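Student: Sequence:
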Amino acid sequence: MTSTPPNRPGLQSRILITGASSGIGEALALHYARAGTHLVLWGRNQTRLDRVAAQAAKHGATTETLALDLCDPEAALEALRKADDTTPVDILILAAGLGDIRPEGELTELPEQVKTISLVNFTTPVTLATEMARRMVTRGGGNIALIGSVAAFHDLPIATAYSGSKAGLARFSTALHAAMTPHNVHITLVSPGYVDTPMSQRLEGARPFLVSSRKAARIIARAIGQGRAHLLFPWPFALARLLEMLVPRPIAHRLLRSAEVRQSASN
34 MTSTPPNRPG LQSRILITGA SSGIGEALAL HYARAGTHLV LWGRNQTRLD RVAAQAAKHG
94 ATTETLALDL CDPEAALEAL RKADDTTPVD ILILAAGLGD IRPEGELTEL PEQVKTISLV
154 NFTTPVTLAT EMARRMVTRG GGNIALIGSV AAFHDLPIAT AYSGSKAGLA RFSTALHAAM
214 TPHNVHITLV SPGYVDTPMS QRLEGARPFL VSSRKAARII ARAIGQGRAH LLFPWPFALA
274 RLLEMLVPRP IAHRLLRSAE VRQSASN
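Numbering (our numbering), first residue to last: 34 to 300.
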């Protein structure tokens with residue numbers, strides 16, 4: 034763990050972001066970076082975290098970082114409790130996620146893939162969100178954002194674990210929103226389409242309606258600030274979701290099976 038100590042007492046806000054070493058998590062960290070904000074940045078790569086923290090510090094934020102494997106929910110939960118005990122978290126953004134498709138020539142993803150994706154995309158974030166929601170209720174409010182995907186609303190034959198884990202995250206988020214609304218704890222589900230991140234850059238072929246990570250961060254932060262229950266962007270994906278709901282499922286599945294998707298090796 035590395036940290037830069039707060040430069041003054043009475044920090045205005047404390048924001049914990051998972052997946053902060055790249056992609057949407059990194060963009061959100063830099064979006065929120067300003068004087069009076071303390072950023073708690075988690076990610077898998079300490080070197081990248083240090084780079085993000087250094088950039089955030091240039092904008093006046095204070096930071097602390099933690100390299101953590103979210104395949105270990107117990108360790109993540111312990112780290113969250115420790116961080117929140119030190120200074121209560123005002124905004125928790127669960128941005129870490131894994132995307133993968135079945136290997137070429139296989140009929141399904143590998144069991145090991147499914148296990149890892151399920152832990153990172155569903156088990157660990159819902160565990161952390163539940164703990165933080167309980168804590169925020171006792172102190173009168175807060176904000177929790179869970180970064181999902183438009184894939185949650187489509188049956189992707191080539192990425193069953195990814196779409197399934199994101200679908201589970203989506204239902205958990207809306208259910209937690211229903212539970213927490215009377216207690217001033219705002220739960221925001223974020224369902225982005227293609228965002229220009231290392232994950233999407235692995236995909237070979239078109240990425241329609243691609244949004245930069247910087248623009249995505251602005252849109253997401255605004256939705257969190259408004260306490261929105263669900264943000265789905267860009268808008269053509271909302272239309273695609275509606276259209277698929279109107280198409281008979283066997284036809285939709287036939288179309289999805291015909292889609293050719295490839296990806297390069299992991300960055």
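A few of these clues could be false.
[Said to hold, decoys possible] Quick list of simulated restraints, FRET-style, between CB atoms: (1) 93 - 251: 30 to 40 Å; (2) 172 - 137: 45 to 55 Å; (3) 140 - 90: 40 to 50 Å; (4) 143 - 215: 20 to 30 Å; (5) 138 - 252: 30 to 40 Å; (6) 138 - 91: 39 to 49 Å; (7) 276 - 69: 36 to 46 Å; (8) 167 - 274: 30 to 40 Å; (9) 93 - 276: 42 to 52 Å; (10) 139 - 211: 31 to 41 Å; (11) 138 - 167: 42 to 52 Å.
[Said to hold, decoys possible] Below, computed lysine to aspartate or glutamate pairings styled on EDC-like, alpha-carbon distance capped at 20 Å: (12) 148 - 105; (13) 148 - 102; (14) 148 - 107; (15) 115 - 102; (16) 91 - 102; (17) 148 - 137; (18) 115 - 105; (19) 248 - 229; (20) 115 - 188; (21) 148 - 188.
These aren't lab readings, by the way, just hints derived from the structure by calculation.
Only a predicted model underlies this, so the values are computations on that prediction, with no experimental measurement involved.
Note that CB positions come from ideal geometry on N, CA and C, so glycine has one too.
Student: It remains to establish, for every hint, whether it holds in the given structure.
Tutor: We went through each hint and held it up to the structure:
no. : hint                  : result
1   : 93 - 251: 30 to 40 Å  : violated, 18 Å
2   : 172 - 137: 45 to 55 Å : holds, 50 Å
3   : 140 - 90: 40 to 50 Å  : holds, 49 Å
4   : 143 - 215: 20 to 30 Å : violated, 43 Å
5   : 138 - 252: 30 to 40 Å : holds, 38 Å
6   : 138 - 91: 39 to 49 Å  : holds, 47 Å
7   : 276 - 69: 36 to 46 Å  : holds, 44 Å
8   : 167 - 274: 30 to 40 Å : holds, 32 Å
9   : 93 - 276: 42 to 52 Å  : holds, 45 Å
10  : 139 - 211: 31 to 41 Å : holds, 38 Å
11  : 138 - 167: 42 to 52 Å : holds, 45 Å
12  : 148 - 105             : holds, 12 Å
13  : 148 - 102             : holds, 14 Å
14  : 148 - 107             : holds, 16 Å
15  : 115 - 102             : holds, 16 Å
16  : 91 - 102              : violated, 27 Å
17  : 148 - 137             : holds, 19 Å
18  : 115 - 105             : holds, 16 Å
19  : 248 - 229             : holds, 10 Å
20  : 115 - 188             : violated, 38 Å
21  : 148 - 188             : holds, 18 Å
Of the numbered hints given earlier, the model fails hints 1, 4, 16, 20; all others are met.
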